[in-house]
Amino acid sequence: MAKFGTWAGWPAYAIVLAVLPLVVTDPHGRLLLILITMYGVLALSWNLTLGFAGIFNFAQIGFFGIGAYTTGILVTRTGVEPWLALPVSGVSAVLASLVAFLPVLRLRGIYVGLATYVFSQLCIYLVLGQAGLTGGSNGIVGIPRLSLGDMSLRADGRIGYYFLGAALLFAVTLLVRVLTRSTLGRSLLAIRDNEALATSRGISRVRQHLIVFMIGAAVAGVAGSFNAFLNGVVSTDIFGFGYLTLLLSMIFLGGSGSVYGPIAGAVVVTVVSDALQDAGPWRDVVIATLILVVLWTAPKGLAGLARSAVTALRERRGRADRPPSASEPITHVKELS
Amino acid sequence: MTGDAPVLLAAREVSKSFGSLKAVDRVSLEVRRGEVFGLAGPNGAGKSTLFNLLTGIPIRPDSGEVVFDGREIQNRSPRLIAKAGLKRTFQTEAVFDSLSVMENLRVSSAYGGAGRAVRPDPARCREALDVVELGGDPERPADGLSLIDRKRLMIACALVSRPALLLLDEPAAGLDPADQDALIRLLGRIAGSGVTMVIIEHVLSVLEALAGRMAVLDSGRIIATGVPAEVLSDPKVVEAYLGPGAAR
Numbered sequence: 001m002a003k004f005g006t007w008a009g010w011p012a013y014a015i016v017l018a019v020l021p022l023v024v025t026d027p028h029g030r031l032l033l034i035l036i037t038m039y040g041v042l043a044l045s046w047n048l049t050l051g052f053a054g055i056f057n058f059a060q061i062g063f064f065g066i067g068a069y070t071t072g073i074l075v076t077r078t079g080v081e082p083w084l085a086l087p088v089s090g091v092s093a094v095l096a097s098l099v100a101f102l103p104v105l106r107l108r109g110i111y112v113g114l115a116t117y118v119f120s121q122l123c124i125y126l127v128l129g130q131a132g133l134t135g136g137s138n139g140i141v142g143i144p145r146l147s148l149g150d151m152s153l154r155a156d157g158r159i160g161y162y163f164l165g166a167a168l169l170f171a172v173t174l175l176v177r178v179l180t181r182s183t184l185g186r187s188l189l190a191i192r193d194n195e196a197l198a199t200s201r202g203i204s205r206v207r208q209h210l211i212v213f214m215i216g217a218a219v220a221g222v223a224g225s226f227n228a229f230l231n232g233v234v235s236t237d238i239f240g241f242g243y244l245t246l247l248l249s250m251i252f253l254g255g256s257g258s259v260y261g262p263i264a265g266a267v268v269v270t271v272v273s274d275a276l277q278d279a280g281p282w283r284d285v286v287i288a289t290l291i292l293v294v295l296w297t298a299p300k301g302l303a304g305l306a307r308s309a310v311t312a313l314r315e316r317r318g319r320a321d322r323p324p325s326a327s328e329p330i331t332h333v334k335e336l337s
Numbered sequence: 001m002t003g004d005a006p007v008l009l010a011a012r013e014v015s016k017s018f019g020s021l022k023a024v025d026r027v028s029l030e031v032r033r034g035e036v037f038g039l040a041g042p043n044g045a046g047k048s049t050l051f052n053l054l055t056g057i058p059i060r061p062d063s064g065e066v067v068f069d070g071r072e073i074q075n076r077s078p079r080l081i082a083k084a085g086l087k088r089t090f091q092t093e094a095v096f097d098s099l100s101v102m103e104n105l106r107v108s109s110a111y112g113g114a115g116r117a118v119r120p121d122p123a124r125c126r127e128a129l130d131v132v133e134l135g136g137d138p139e140r141p142a143d144g145l146s147l148i149d150r151k152r153l154m155i156a157c158a159l160v161s162r163p164a165l166l167l168l169d170e171p172a173a174g175l176d177p178a179d180q181d182a183l184i185r186l187l188g189r190i191a192g193s194g195v196t197m198v199i200i201e202h203v204l205s206v207l208e209a210l211a212g213r214m215a216v217l218d219s220g221r222i223i224a225t226g227v228p229a230e231v232l233s234d235p236k237v238v239e240a241y242l243g244p245g246a247a248r
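Protein chains in written order, with UniProt numbering: chain A, 1 to 337; chain B, 1 to 248.
Read the hints as simulated data drawn from the structure, not as lab findings. All C-beta atoms, glycine included, are put in the ideal place defined by N, C-alpha and C.
Selected chain B positions facing chain A (in silico; Cβ < 8 Å): (1) LYS87; (2) ASP97; (3) TYR111; (4) GLY112; (5) CYS157.
Work out the full structure, taking the sequences as your base and the hints as a guide.
Okay, here's the thing in structure tokens:
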């Protein structure tokens, strides 16, 4: 049985997500919230392979784009029910992940990074080469908005999109939490720590990495689909360096290998990036400096900082509750009555 | 007695070269079920290379065959060799540092068996901890353990899936005499429970205390095999350790 304390934060997390749009009511603020949920989902999915499994996977942006293009093609070319496009986009990203995984079979480290980055870039050429289907360099425009009955998710400052994004974020956070605490999650950490030892304990690197690669791709595909519905257009920009650096910033700032860190990273990077909208190239300089400062002072990112703060607080509390031992100096004397 | 016991592991004419260097040169040995077999030799003699060839991590023999429990395994993947019941430890006290003590055992228990991954067996995990006498909070991080406790945990992880054969690569390396004694007692208990073991060791007192038979490797070749007292007084062995003329 799971301890109550282990799960006590989840209702609070759900309540915060539910209440946020009531506090942030202006359209721009709502859009930021929606972007935070989408980036949070994508960063969480990427962190599974990059942070927990230690795979230099740069194909995640490719899966995100494939999800978006799958949705764009399905709803504009085939007339598929838009809601159905969300899971189908996840499936198409999983199929693509089987191709992207091929270099992981043999290569290690930075070579996997290079090969998977090439995969994402090849997606651009694939899209441009199939212009009849994908719109080529014009992209796909006129993707219909999602609606529930007569109510468009765009109504009331896109509140429907916010709740869809928040539901996805909550579900993916829960998925990552459960997955990383499972035997599969622990085996990923074991492989990351010491592959030879993990193999000698009977763990298959290829099998475990493939599973986590596919799960991450499915989530990224759904996030891509969400992005397509939110913007109404899809272009090859989605495979670009902009998304890649943005997402990496979120993961490293938040703390790679932490369950909640990428969400904190998504919040900070999205808000800072928006606040510096008019700063031009200085925006990237400020974000890069912020990441350097955080990683220099706290290599495990914001999640590591939070963990250290909680540990320090607990230790202080523990010391305060404990009577001084003989070896500890008495630093205060109670007034005698 | 182990002298009549069936052969559990056999290496036959196993060789491995790295360029012009013959690291292991036509080595043959047999380990019988239930025995403790020692492997000694000077630095660079090829002991760890031989262990790596037996377990497939990360190399395979150029020639020769390795038979475990009646089946040739020299072409099997290291994972399948491990799943067949041949577990090993490493020279450096390797544990999974990101995991807790108990999580180290859980993943070893879940994946170490013969078939597909199973749910970790909590009773076996606790039993393995008891066997190696690793006390304290089992949920504490493994990266904070002392050297001897890391070795205890490494051995417990190898034992948790009840291997038929345990290969220990220099288990006493880096330990002070008191910890060496503790390790000898621990390995003695494990051997007493019927686990077959092959131990590579520089600390010869460990092999004298535990091994029923042993072999000495020098320059990739076996130069002596037999009971430890005889092998360690063999002039070829003395010469290999102390240099030419030392045996006179």
